[in-house]
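Respectively, the protein sequence lines represent chains A, B, C and D.
Residue numbering for the first sequence is 1 to 979, as defined by the working numbering.
Residue numbering for the second sequence is 1 to 417, as defined by the working numbering.
Residue numbering for the third sequence is 1 to 166, as defined by the working numbering.
Residue numbering for the fourth sequence is 1 to 85, as defined by the working numbering.
I should point out that these hints are in silico values taken from the structure, not numbers from a laboratory.
Treat the hints with care, since some could be wrong.
SDA-like mimics (lysine to any residue), calculated; alpha carbons at most 20 Å apart, straight line [said to hold, decoys possible]:
#, chain 1, residue 1, chain 2, residue 2
1, D, K47, B, S216
2, A, K869, D, D36
3, C, K163, A, S258
4, B, K132, A, H958
5, D, K24, A, F725
6, B, K271, A, L110
7, A, K782, C, D70
8, A, K607, C, D155
9, D, K47, A, T729
10, B, K292, A, F138
11, A, K54, B, G252
12, D, K24, A, E689
13, A, K274, C, K135
14, C, K135, D, P7
15, A, K875, D, V45
16, A, K900, A, T965
17, C, K135, D, V60
18, C, K135, A, P591
19, B, K105, A, E689
20, B, K271, A, N25
21, B, K254, D, P22
22, A, K274, D, P7
23, B, K271, A, T729
24, A, K875, B, G252
25, D, K47, B, G252
If you want the building blocks of each chain, they are given just below.
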Amino acid sequence: MSKDLFRQTKGGLIDRNQTITFQFNDTTYQGYSGDSLASALMANGIYLTARSFKYHRPRGIVGSGYEEPSSLVELVGDEESGNQPITRVQIRPGLNARSVNCWPSPNFDLMAINQYISKLIPAAFYYKTFKWPNWHFFEPSIRRAAGLASAPNKTHHQGHYETRNAHCDLLIVGAGPAGLIAALQAARSGARVILADDGLESGGSLLSQHLKIGGKEAIDWVRETTASLDAMDNVTRLTEATVWAYREHNLLVITERSPATPNVFQRSWRVRAKQVLIATGAIERNLVFANNDRPGVMMASAIQSYVNRYAVKPGKRAVLFANNSSIYAVARDLKASGVELVAVIDSRSSVNDLPEDLQDIHVFRNFVVEQCHGTKHLSAITIKNAATGETTKIVCDLLGVSGGWNPTVHLFSQSRGKVKYDANLATFIPGEAVQACQCIGSASAIFTLQQVMEDAVQKTLQALDLDPGNAILLPPLEPEAEYSIEALWHVDLNESLCSKSFIDIQNDVTLSDVHLAMREGFDAVEHVKRYTTAGMGIDQGKTGNLNVIGAIALKNGCEPDEVGTTTFRSPFVPIEFGALTGIREGSVYLPYRHTSITQWNKDHGAKMYESGARWRRPGYYPRSDELFQTTVNRESRLVREGLAVYDGAPLGKFEIKGPDALKLIDMLYTNNFDNLKVGMGRYGLMLNEDGIIFDDGVTFKLADNHYFMSTSTGNADTVNQHMEFFLQTHRPDWRVKITTITTQWANATLCGPKAREMMQALGTDIDLSNEAFPFMAMREGKVGGFQARVCRVSFTGELSFEINVRSRDSLALWETIMEVGKPFNISPVGSESNHVLRVEKGFLSLGHEADGTTTPQDLGLNWAMSKTKTDYIGKRANEIRLAENPSRWQLVGLLPDDPKELVDESAPITPGGRRESSEGFVTACVWSVVHNRVIALALLENGQHRMDETIYIRRKDHVVTAKVTAPCFYDVKGQLLRS
Amino acid sequence: MQSYSIFSLARNALSGHQNWSKAWRSPPLKKRYDVIIIGAGGHGLATAYYLAKNHGITNVAVLEKGWLGGGNIARNTVTIRSNYMRDESIPFYVKSVKLYEGLTKELNYNLMYSKRSMIDVVQTYPKLREIKRRMFNGDLHGSAYERIEVDELRRRIPPLTGGGPESRLPILAGMVHPSAAVCRHDAVAWSYARAADDRGVEIHQNTEVLQLLRDSTDGSINGVETNRGTVYADKVAVVVSGHTTSITDTIGLKLPLKSFNLSAFVSEPVKPIIDVIVNCPDIGVYLNQSDKGELVIGGAPDAGQSFRRDIKQQVFEDAVCSMLELFPSFKRLKLMRQWGGTLDIAHDATPIVSQTDVQGLYVSAGWWGGFKAVPAGGYTLAHLIAKNEQHELTAPFSLNRFKRLDFILEAGTTTAT
Amino acid sequence: MGYDVKIQRLALNAMIDLQGDAEAIKNWIKDDDLPEFPNKPNTSITNQQFKIYWVGIEHWLMRSEIELEDHLLEMTNPSAAPIEISVVQVSDAFKFFEVSGPDAAEIISIASPIDHHLTAFPENGVSFTNIFGIKGLLIRVNNGFEIAVESSYADLMADFLQKANA
Amino acid sequence: MLQISCPFCGPRNEVEFVYGGPLKNRRPDDISQIDDTTWIDYLTVPKNPLGPVQERWWHVRGCGCWLTITRDTRSHDIIESEIES
Ligand SMILES: Cc1cc2nc3c(=O)[nH]c(=O)nc-3n(C[C@H](O)[C@H](O)[C@H](O)COP(=O)(O)OP(=O)(O)OC[C@H]3O[C@@H](n4cnc5c(N)ncnc54)[C@H](O)[C@@H]3O)c2cc1C
Ligand SMILES: NC(=O)c1ccc[n+]([C@@H]2O[C@H](COP(=O)([O-])OP(=O)(O)OC[C@H]3O[C@@H](n4cnc5c(N)ncnc54)[C@H](O)[C@@H]3O)[C@@H](O)[C@H]2O)c1
Ligand SMILES: Cc1cc2nc3c(=O)[nH]c(=O)nc-3n(C[C@H](O)[C@H](O)[C@H](O)COP(=O)(O)O)c2cc1C
Ligand SMILES: [Zn+2]
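Turn these sequences into a full structure, and let the hints steer you where they fit.
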């Protein structure tokens, strides 16, 4: 096949000196640099490029850009990526593309058999059948048949995705003539401007048209303009950058497909723009007639793009079919390209605007195309005189169609701007804007270049609040015909033709389908969409949706505005998920927090866990081949019998100070703090206003109205929020200041009977005697040479010293402790053994006993609830609740009858172990090292009154009996921790 | 009701599908009905159907401000399951799943009900504990839930290649809920509408309720004011998911509800890759693949009350991030469309099916995960309306619980915001 | 390396958190060595030795090299400060990073949603903002920016910055 | 992503804030004087208007202020933004 058959010898924006070899459906082809896959295939005479979604009809290329409804390919190899409109793929060396959803090839597709049963499978047929024996019987094969491309199983092949934030005075979406001139105007004023366009280069429709601007070829004007924009540092010009979402507060999202930065594969921008100009142009819509999907039927504007921009000849004998005037520019360019233009079918009856220079073409006025002939390629068309009904057949292999122009209002509509129907233009146009944005150019339904540019300049001045006197001078332009159109929503169905008129080419939805839906009562446009799936494909109905609306209007005998549109939603075109998350993946996917001895912990074999508030902390420190339980037992025993050290640094810590600090603390906690002495601390329970426990911790008094509060690790931020909220919104007159000091202080908690000896060995100027430094006291002094705040609190029930030092000292302190502690056999312990020890003591743990449903009374913590305070947060709710329902699930201890069987935490307790509603559940169950048996804690209905009763824990396969005890198994009087 | 089957399809094919009858009528709006149901979503339509079918009450109007089935039933991620945590909730959802399983036959409409199981990908110990609680409690009420190990999890979900031992949140285990299913959401609304209509219920689209009307003497409900005039009834049910307070506010009735936006998105359609519902509770994303091939993905709700059916960028990005951590090969998969829905949530996050302080006024609300609940929600609300007493399955969902501050805290966390 | 920047983890700095009424604070820490307090929100004033950042209503941070920490503590004397004002040593609670070079702003755009253009975030700009999803202090310096985060997030921050410039 | 104007910091992105729920009346000083029903309503019944709602946001990744903004729940438009004093 000689090349020139399909490629013009000169012109176009391709580089004939750079030949590129690529593969399509396992065949090798050549094209030129600058070609899209579509244009390159066309230049090779390939017209059959796809099979349709449902009926597997042969399909070709229909559009030239993001509107393409027909030919989708998947890229294979490194570039693996599915469902790419063939028109949006640039050819490059090594490109390997394959048609989707056909097997073995578009030319011979086995599923094409669906065409023959098409009568049986109209829109929504699946709701009426496949019920017997059941849907599962059919589902797998239906699923295999659906779905277009296969899912990618490789990720990007080079670099990484990036997301970033940007701010600007003006974001211009679209760099056609409107966007470019607007950018030029805006740039002059010094405003921060971003100009983004989806295309490979700026220029928009100018790249596809033969126009003169300022006496030059349009492309030269474009390139001069972009060069001067690029020279200004207040302008950011992006190409291959789709603006795909317009969200609240003028936030727009852009994704750049090939940013210039090395290593950045794709980049998304979240742009907060003070003003937005939507210069997205217009999209040509399809025409609906019998077999309008045959390969060889194309959008007229696409033809224009192929002949002008890519210098290809999309066919040999062309016919154009339109209901509007834009077809004549296409006719002119076609003729110039050397393609034979056989005729123009102009459905309009009332206007005659055939340009002077085209008087020689054959125009069938007031005609429509009734149907296409040929199967795998268009071979002829039948046209029909709309007045007389007489028909004529015309042989051709290319049919360009134009159903009129729809302003690309997608983003405008996403911005919540309403669109309104314009009967003269037979389309929906932007109405009043709601956010700070305006449509310019063809997006605002202006279709001549002169007016486009004038409009753009004027609205730019408005947007930037500039005086009209600042308007830049427009380049002189050639005169253009006014746009005129007469709506043609579809050619009347001719039932005898036994053919299909496609209204959504991608989803294989026909005009009959729309009519069927309406006949069955689905006559709202949203019902039609969902019943037929029209507009729900990858192209989101860019070329077809308006015809659906028109068809409904025709049938209902109303205007399209009464039908309305479906909702325009982001994304404007499909966007790779990877481009949305940028570098937020892998290790940084979620934040993580380290204490200053994290490395030490890891080096000493700690198994690191996710704990609250994104801290990573040691769960346990297994020794060589120890089993989990062995380690936990060893660590627990160490605390009970000897000495261990625990990294308690993540605990939330706050300094609270001010004349009203005590008032605040008394409001936050259920118990009284007013009699607390300086240097002493008190355990407190924090409730939410509903009376549910949400945190606990110890608060020390540093001085009058000056406190040091600790909170649970996981809740530090929530407690901070809770305090600031109460202070700032409910008691703004209280004078209290809170400083977060969680990481100012690190800590090493010595616990075990030998803790005091160890403190001594470390060397300290603090008097360690129980009298001078009692339980719940805090003392400041030097420990092991480090300035420290030492607290005597205990979560394990053993004698403990919490040594808090400045974080910078923590590793040194820790190493000192390990060194000095050698004679005591000191060893670090993790949160697992802490869990065992606190269960032995019956101390509550957030997430276990306090699971977001429990009140202090439920946990037997009545002692921690002040009887004298008139108010604290949550007090009132608890009183109301308790008065209404005294018998709640309450904390108890459990001794399973079989002392060796660990029971799952979370297992329910049911009456008699029967399979019925539960009366409680096991909140924690551990192997107790002091009792050498299993012990558990549970919440049990009315449990505080059921001591010694046998209850039944229902595991899935058997029932475990257990005796109810008090929820403390060790040192009930608490002598050890006070020792 | 016209029968739907392969035979009726074949028969109609011969006549060019010209003879299909309307799925529902558009009768004139009467002045009075026995019962008015506000909202032709899943719950409203199911309620109407069961009123007619189970209780013989057919003088019923369903009033819908837009097009029927255009609310949340058109926008949810179609997950049906019964793995709840509380004894008060589980039996209700078990019943709903049972009803769903028979619905295609009962309504003579292929709902494409696909029982394909849900698998939770568990990544933290606290979550594992919570889910185990659901597992044990489910077992008490006939809702199955089984633990599987990581290898098996990966075998069942081939593209799940993230979450390895070195990753930020390694996968600990999987939990399989075999009776979970997906089905065609729109078809649920359409099939209930068709069947209710067939039994005499009237569905009035484009009929917006603007105001509730009360009897001036005893304060009981009288009817409603709509954009098409006044319509009277002694019993009115507010079943408008997300918009409940907009209606009850018109008579000053106070309800513990907040409206918010939840959003979802779909990828481009691709060939089958996942045949179960995947739920990742630790990182807040869940997904399934529709029969048409697109991945249907949901994430967390927006912060703040909202009636905007749109997605917020950061919420969306969070969901995508989470998905890609576990499914890295989806990086090159493409987003095709995203949208949102307006839901309401009660103070304790558990739904409300209840009489109100206003005689004759019923509400069914707080359905922020209520697609799965459509059949049982309708079934029990119809019972309540017909008999004026709570069905035992929804007895715990009555408004009375708030008067005692005795919440059903399903989420296992403090009250939802 | 995608960008022309230098990313560095800085050594410990001395930091004091000051809260309360401005006059009361100024009265307490009168010292000739100190610069004035900034008079615009989210800006700083610097002299040879010390920096004062105004980061919130009734909230300032003072910063110096770690060698001057004792001097700073002496001037501010946290434990003796009057009850109306809060003076807390927070040197260890922060870790600092510097992002400098021609493309420093690109990295900040990736990290933070704040508008860091000179017109919005001036020469002496300093503000808490969202940095890679967590709270961080952003400070404009000569040839770029400094970032300070709660010290537990330092490894995360280093990791993020490295990825941003991979 | 809202853009919330903080009286101290100026316009900032929503991700710097934490949502704090719809505005409630100032918590009474002496709640023992309030009857149960009123208190239960206070706890459980939020304002939920289809239109402007006053709500609280915490500028936690900023100056630390709790703001009260008036936001239209239909559009997200923010009509007003202020600090409690
Ligand atoms: C993104 C998303 C994902 C979800 N995913 C799931 C899921 O996976 N599983 C699950 O179980 N649930 C899910 N849900 C929740 C589920 O969709 C809803 O709980 C359920 O659909 C609500 O019940 P409904 O169908 O009756 O509501 P709707 O369909 O919303 O019906 C309410 C109807 O009331 C109408 N109405 C409102 N005001 C008026 C008025 N004044 N006058 C007349 N009519 C009025 C509305 O137009 C609407 O049609 C999801 C929801 C969303 C938004
Ligand atoms: N003769 C006719 O009837 C007719 C009809 C339509 C247009 N036109 C002509 O076309 C020109 C229109 O100029 P214009 O500047 O308004 O539009 P344009 O079509 O020239 O440019 C629009 C640009 O916006 C880009 N774009 C669209 N959506 C985008 C998105 N979401 N993100 C990023 N980029 C996006 C497109 O890629 C395109 O480059 C005028 O010359 C007009 O006369 C003529
Ligand atoms: C389960 C499910 C699958 C969907 N699949 C598609 C789809 O394949 N293509 C599409 O365009 N929209 C799809 N949608 C989204 C709808 O087009 C639409 O956005 C959604 O129903 C909300 O309506 P609205 O966008 O008109 O507000 C799907 C929605 C749901 C709930
Ligand atoms: Zn602020």
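### Task
If any of the earlier hints don't hold here, list their numbers in rising order.
Hint check: 1, 11, 13, 19, 23 and 24 fail, others pass.
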